[in-house]
Each structure stands twice: as C-alpha cells, then as structure tokens.
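A.B. asks: Working from the sequences, and respecting the hints, build out all of it.
Chains as they are written, first to last, in this note's numbering: chain A, 32 to 381; chain B, 32 to 381; chain C, 32 to 381.
Worth flagging that the hints you see were computed from the coordinates, not collected in a lab. Treat the hints loosely; a few may be bogus.
Put simply, identical chains are the same to the list, so a pair is met inside one copy or across any two.
When the alpha-carbon atoms are kept at most 16 Å apart in a straight line, the in silico EDC-like pairs for lysine to aspartate or glutamate are as follows [claimed, not checked]:
{"hint": "1", "residue 1": "K305", "residue 2": "D270"}
{"hint": "2", "residue 1": "K215", "residue 2": "D121"}
{"hint": "3", "residue 1": "K215", "residue 2": "D294"}
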Amino acid sequence: MTHLLDWLDVEEDDWKACILEALAFGEERDRAWGRHDGSALGMVFFNDSLRTRVSMELAASELGVRSVTVTPGSGTWGFAWDEGRPMNGDEAEHIREAVGVMSRYCHVLGVRLFASGTDRTADVSDALLTRFAASSTVPVINLESASRHPCQALADATVLHRHFGEGEDLAGKKFVLSWAPHPKPLPMAVPNSTLLMATRLGMDVVLARPDGFELDESVIDAARRQATTAGGSFSETDDQNAAADGAHVIYAKAWGGFGRYDDPESEADLRLSKSDWRITSETMQLTDGGQFMHCLPVRRGVVVDDAVLDGESSLHLDQAEFRLHAQKAILDWLLRDRNLRDGESAGDGR
Amino acid sequence: MTHLLDWLDVEEDDWKACILEALAFGEERDRAWGRHDGSALGMVFFNDSLRTRVSMELAASELGVRSVTVTPGSGTWGFAWDEGRPMNGDEAEHIREAVGVMSRYCHVLGVRLFASGTDRTADVSDALLTRFAASSTVPVINLESASRHPCQALADATVLHRHFGEGEDLAGKKFVLSWAPHPKPLPMAVPNSTLLMATRLGMDVVLARPDGFELDESVIDAARRQATTAGGSFSETDDQNAAADGAHVIYAKAWGGFGRYDDPESEADLRLSKSDWRITSETMQLTDGGQFMHCLPVRRGVVVDDAVLDGESSLHLDQAEFRLHAQKAILDWLLRDRNLRDGESAGDGR
Amino acid sequence: MTHLLDWLDVEEDDWKACILEALAFGEERDRAWGRHDGSALGMVFFNDSLRTRVSMELAASELGVRSVTVTPGSGTWGFAWDEGRPMNGDEAEHIREAVGVMSRYCHVLGVRLFASGTDRTADVSDALLTRFAASSTVPVINLESASRHPCQALADATVLHRHFGEGEDLAGKKFVLSWAPHPKPLPMAVPNSTLLMATRLGMDVVLARPDGFELDESVIDAARRQATTAGGSFSETDDQNAAADGAHVIYAKAWGGFGRYDDPESEADLRLSKSDWRITSETMQLTDGGQFMHCLPVRRGVVVDDAVLDGESSLHLDQAEFRLHAQKAILDWLLRDRNLRDGESAGDGR
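C.D. replies: Here you go:
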C-alpha cells in the first residue's frame, strides 16, 4: 500500500507522472470525470484549512469520490495518541480506533496535523503523522503535517512547469526560497517541501533566511543530494538581496526558528526584528523578470507588499488553483493503485 | 458577469423568468436534474444559517452542482477586509485572496454577511458585500447581506404567485409588512427586500411600523417608484390595526431601529416597549381572510402567537420550502449565463 | 409513515429483512448503488459523532441520497423545545419550525439527541425524540437518543449473524452484556438497545452489572418478554466472572447509574470504585473462545485492556463497519416505503 506522506518516499516515475497528470487536469478540468465513482475519501482536519479542504472536496467529487470531513473537537471529540496509557483524561477515543474505523469506511484518507511547536523531535520526524498512517489500512494523504506539505509541493511544481513551458527545461532557472516576516512562529512544513520540490526539479535553488531561521539539517542534506542528482544546484545565504539578484522565482514563506522550542521569547524578538525581509517591488526589481510565489494564506504588508501581490508577476492564485489539479492527480494515482491491488479495472472501483 | 446582490440591479425579464422557473421547480422538483453537472458552488457563511445552507446545498446538488461550505472562524481562519493596512492582527488571510481562490475553484459563489450593527453607512450600502463581489471572477449570490436578502424575496414572490393563482393578477391585493417585537435589534435585510419585492409585484403595499423603526429612505424611495411603475400602491403607517384592515397578507418581521447605531440603549427601550405589535388571532381577524407570512426563524409568542402560526392561514413553511425552488432558479439562471459566455451548451458546463 | 425510533416498534419481518439486507451490503457494498437517486437525508446532531455521521453520509450517498448535516449551536442557532412559552430566551427558532422546514427539504431525517442526565422521566421516555418526530412529515431515524440506539443495534445484530454463520442458529449462544468502568456517567441508550437486540435474536443473554447500575425496568421487562418469545433466556447478575464463564460474546459498555439523577456525587463515587470491572485477558479466558464487542468510542485501559482490543477475538471494527451496511439497509427500507406510498417505483424516488 502506498501512502503520500512525503515525496521523498516516492519514486521519480510516480512524481513525474503526477506532475504530468496535474498539468493535464489544469488544461481540461473534466477529464477523468467520475473515474473513481464509488470510492470514498475521509479527511481529518486537526487544524484550520481553506484551500485544502475546499480543493480536496472538489477534487474528490470531480473524480466521483465521495468525501467526508472530520474536525476533532468540533462535532466530534478529541483523540488520544499515547500508547499503553489508560484513557482517563478528556479524550474519548484513541487514534487507533478512529483511524481504524475510517479505514473501514473509506478507500483513502487525508489528514492535516500541524507541528506542536513544543516537541522538536516529534515535529521534525512527523511522529504523529506516522502514527496516524500506521493505524490505517488504506492509503493516507498528508494534507500538511508538522514537517511536510506534499500537496502544495506538487501544485507548485506543476505551476513552475506550466509557467516556464512544459517542454523547456527548468534547469538553469534560479529559484529563491526566501524567509519572510510574520507575527507568529509558523511551522516549517512548506519551506521544507518547497526546497525539496525545487531541488528535485533541477533548478538553481537558493535558500535565503536570517541566521536563526535555518531549516532542519536532514532537509538541507536531502535538498543537496537531490540538486546533485537532478543536475541543479543548492546554496544558502542570509543576504536576501544577493539571493534575489537574477532570480526567476521568489518564493516567500514565513516560519519560526528552532529557537521557539527552547526559548520562544528570544525567537519572537529575533523574528520580529526582521520585518525588512518583507518582499517589496524593490526586491522584485532585482530579479530577472522573476515571478512571485506564495502558498497562501499570506499577510499583506507583512510578508509581501500589495503592489507585488496585485501585480502581473505573481503566481499565487495559480498555485492555489493547481492545488485542485494536483490533488486530483494524487487521488487518481493512489486509487488506481488500489484498484490494481483489488484486481479491479480503474473506473470500476466501488 | 451577473451577480445577484440585489434584485434592484436585475432586469424585469430576468426577475419574472426566475419566478416562473421557481414555480416550475415547485411543481416538479426533479426537472433540470443534473443540468449543471460538473459546476461547483462555493458558499461562505459569516453568520449562522439553517434554511439557507440546507436549501442551497440541496438546490445545488439537485442541479448537479457540487457545493462546498466555508465558515470563517470555524475550521478556517477569519479574513481581513481593510485595504492597504499591514495584516499584523488576528486575521490570517485577506478577503481578496480568499475570494480570489474560491473563484478559481468554483463557478458561482454565495455569501452570507449580516449587518455590523455599528457602522450604519457600511450596512446601508452593503459595503462588505460589494468588496466580496469585487474580488470574485465568478457570479456571487447574496445569501443575506447587511441590507438585502434576494433569495428570500424570490421565494416569497413565488409563494404569493402560487397562493393567489398564477394567472390571477396580484394587483389589488393588499400586502402589509408589519414590524414585530423582538428581544434583539435584528438587521433590515428582510424588510428591505420584502418591501421591494411586494411593490415590484404591483400589490397594494402598506408598511406598518412604530415611529423609530423607519426603513432607510433609499429603500422607501425605490419601493415608491416600483409601486408606480407596477401599477400598485405604497404607504406607511404606525397604526398596525388600520394596516391589517382588509389585508390579504400580513408579513411580520422584527428589526431594530436606526437608533441602534447612535444610542443602542434607548433603541432597546423603545423596541421592548412595543410588545403589543405581536401578531395575534385578533390581528388576523381584521384581515380579508389574510395569510400570515414570515421568513423564519420566528420567535413564537413574541413575534406571533402560536394560534396564528399553527393555524390554516400561515404560509411560513411554504416560504421555507420555496427557498429551495427559488435558489434552483437563481443557480440555473447564473450558470446558464456562464455557459453561454463560455460558448458551452447548458448541461455541458464543466 | 414509518419512523425508526426504536426497534421495539418494528414488526419482526422488517427487523429480519433489515438484517438480511445489511448482511448483503456487507458482502457487496455497491449493490443498490444510486437506488434512491434524488432523495435527500437531513441530519441534526445535537451531540458529537464520528462513526454515525461519517457512516450515514456515506450510506446515503452510496444509495444516491444527498445528505445535509445540521449541528445546532455550530453554524446554526439553538432550538426551543417548550410548548406555549414565549420565546424570549436565547433560542431563535422552535423545534417545530426547524423540523417542519427540514421535512419540506428532505425525504428522511436523522437525529442524534442524547440523555439530559438531569430529567430521568424525559430521558427514559425519550421525550425530546418523540417531540422531534412529531414535528416531522417524513420518516425520522434515531441516530442515538436518550434511551435507544437502533442503528448500533442493527449493526451489532448483523455482525453476530455474520460471525456465527448466517445459517447457524444464534440460539444457545451465551451473550453477556457487561457494565464497564468510565470516568463519566454515560447514558443508557446503547445498553438498552443491546439488551433488546440480543434477546430478540434468541440468544442466552446475561446482563452483568454492579448493584446501582440497573437498567430501567421497562427495558428489563421487554428483554424478558422477547427472550421468551424468541426461545432464548435472560438473566441478571452482579458477578462479572460468573457471567463470563462459557460466554460466546462479552459486549462491554459503560453507563451511569440512575443515582446520577438524584445524587450525582455518590453515583460517581460508586462508579469510580468499580474499576475492576474492566475487561481483561483474564476475563476473556473464562469464556468459551468468546468474542469481545464494543460500540466505540472506547477508553483503552479503562473499559478494556489493549491486549483484548488488539487481539484476534475482538469484533469492534466489524461493528463499526457494519454501521455503514446497517444504515444503508435502514435508509433503503424507509425510502422504499416512501416510494410505495407515493406510488412511485423504487429508483425513481425524486
């Protein structure tokens, strides 16, 4: 059984096939209409969502997949996660039963489960996501976990291919992932996945972030390895302007530094002192006619100036739109896989 | 592109066609089954709803339209509305992006956005609704805004036509919109739209309300103009019994006076002193075998006596039912319009 | 019109037909796909749910039934229940209108409405459920009320038939309903319905519970009558081990004693003193290779040990799965009934 927890676990062929499929859905939204009629998707949202829930519900229904959405703490109780501890607390149900039951009803599950912000080891290793997936007997799609956001990564990869031309090589294109200011210490799921996505595409990737906002070493190592394999490059800098120079893409994203786990106050001080990392028209003028990218939601005037977002060179709405197309590709991939396992032909997958 | 924010913006032909279509759906619920298969409706509810959400979700699905519902603050974050202000507050996303993104996923949007109760100018002009619609690239349906409730108005118009006979003229029928008591200063969306609906139908319309509960002058002016055009009449009075005399319809509705914006306490005192404006069996006996109407939810024993609501001469459940039929007519109208624009034939609108 | 409030009201033929239908859906999930295309199910959840909402939404959609879910207090207002009292409080709408309106939109309703825990008479008689159903003009399905949980009962009956062999008689099989510890005084809906289910199947039923945790006399009487009719037996004991001896099924369930209504503190003391009623591997070793059953959610280490739940002899996930199949059987039964009334052929039930 195949889960989609992180693209790092996925073969190159499947990753590339998903990009092509997402591009195709972007061209023709109604291809594969009802292909998986009769399948069911169950989604569990431990955190808020706009794009993800809306686009997943539509993605599912356009493929004929019925979806149900569960929001622990709102209409259903909270879940216990610990193993071997008597459940005398507030939680009425263990995640094992919750996921076990959903696996009986649904042919594929999705889960959103953000970083705790307090347990660095668990967050970096995506410990809760792993536990969730271990209780499932059907494929699980990561709808943003503590450390990864594969649906966003696929959407973004597809938008890059589409923008720069499907035939044209992305090699040689300079992709800057720039840290951005934010009042809150956001998780690292998006920057991690963005870095791994862009290096996998063979772009010349620069990670620009102030000291104190490094990403986890395991991610940096993987990005470096991928850049080598794919024939691109990877470097880090704390000089945003130098990074922007000649860039084809500025991908802005705010995140909290690892200092939040040990000394939240000084992390906040440091973070709030870096408001000049906001992306402005001046930043964009340093680029080679570069495109602005952001995964949304974005704080106007904090992360990026209105002029950039409302200008001609921002791909943020395309990125959001391609969440729909990307997730249809992911669902189609995992459900076709299931149908083959079941000895059923695709489209017959009830 | 056509929005439905207020029927005042809509041509007479379209308004009449929608009434006929809603009547037809009322006769035969399964006509046009799946007609817009593949279209998507996105709804954003900034306020509570029962009838509206349930009837819209069913209306959509019966036409083949997939619907997704977003409730800011519950499962998704709140939105920022101000232009040009750095988003350093609680709101994680600007309404521009939220609506922009929904426009990429959906072919039509719906929004419920009640009066603030604190900013009279913004409420009367439906400023937030206008801003919402301005960010949308697809048609927007007003599911009750600060000042208008067009879905209710169409349902009510249809119920009136159906009750008094489609062929028979509504001219000469006396329609009384009566203010009613309520513990809270409710918004004016329903009374505004009801007045504009009944005058447009050419009925003899009387607005009965205590002093201090006048509607906005712009609405009164429009009602007056419409009455003239349609060959009916319009008048105002603060004498409920005189209004009820010989009426064919008593449409009760509670709302707060404009005093709530400047001096909420004295508005409340005045409002609570008018509990004898409750509609009773005695009120109904003054009418010409008149029908009772109310848009629901209604407070029994406060707005109207149980005996009236539970009697033979109340149309309130028909009004609720016709929300379904009316909204199917509206969706069909806006989506056919879209299909024509896209050069697609109806039913092919994916 | 047929409601499903309690299986006690349902003829033996219908009960047996529903079991067979649920078994058939368990074998072949896609039989009767879309059979009731065009029907609508409205569900009102006054209490939290995981299995029930998810399985009902999927059950409905697999039969072609569109479903809408309402959660009073979350996205919609609370409802008033009292008759003849002016609605001057917080509730904006009376249950009469709420249910009346839903009846206009939907062909079948479902409602979850737990025990108050404060009004014993109302809880035992399911007074609110009765009031809800009285306002409906379409069939109402009880999705767990103060005193009954018929959907769970049908799922459990079906799992028992499937496990012990459809052909093989359940007569002679020893079924133990065992009270279990819990930090909260849970309602009696599940134990009541479980007892009535097992006695109706003609099993040898033993109710094991500490003194102070008796079920209502009317339920005990009905269980006794059913056991006689069905050729099984029924007895009560406060000795859990004696009950477990030679059992084929241990069905564990926590509930609060009737003491909660008069003296909640001493009920809590008594309940918390009985933690040794937890089902352990030792308990199961007393049985005749018995199966463990629980309706979920279950508190691990409080109600039952992990070793039992994670072992080979637990049917809890099957029970959860069969909620889906059982509810499809129930929907199919009530909607076919409706179609016959309407003079329509099944499958044409729009």
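A.B. asks: Could you run down the list of hints and mark each one as holding or not?
C.D. replies: We went through each hint and held it up to the structure:
no., hint, in the structure
1, K305 with D270, "within (12 Å within a copy, 66 Å between copies)"
2, K215 with D121, "between (28 Å within a copy, 10 Å between copies)"
3, K215 with D294, "within (14 Å within a copy, 39 Å between copies)"
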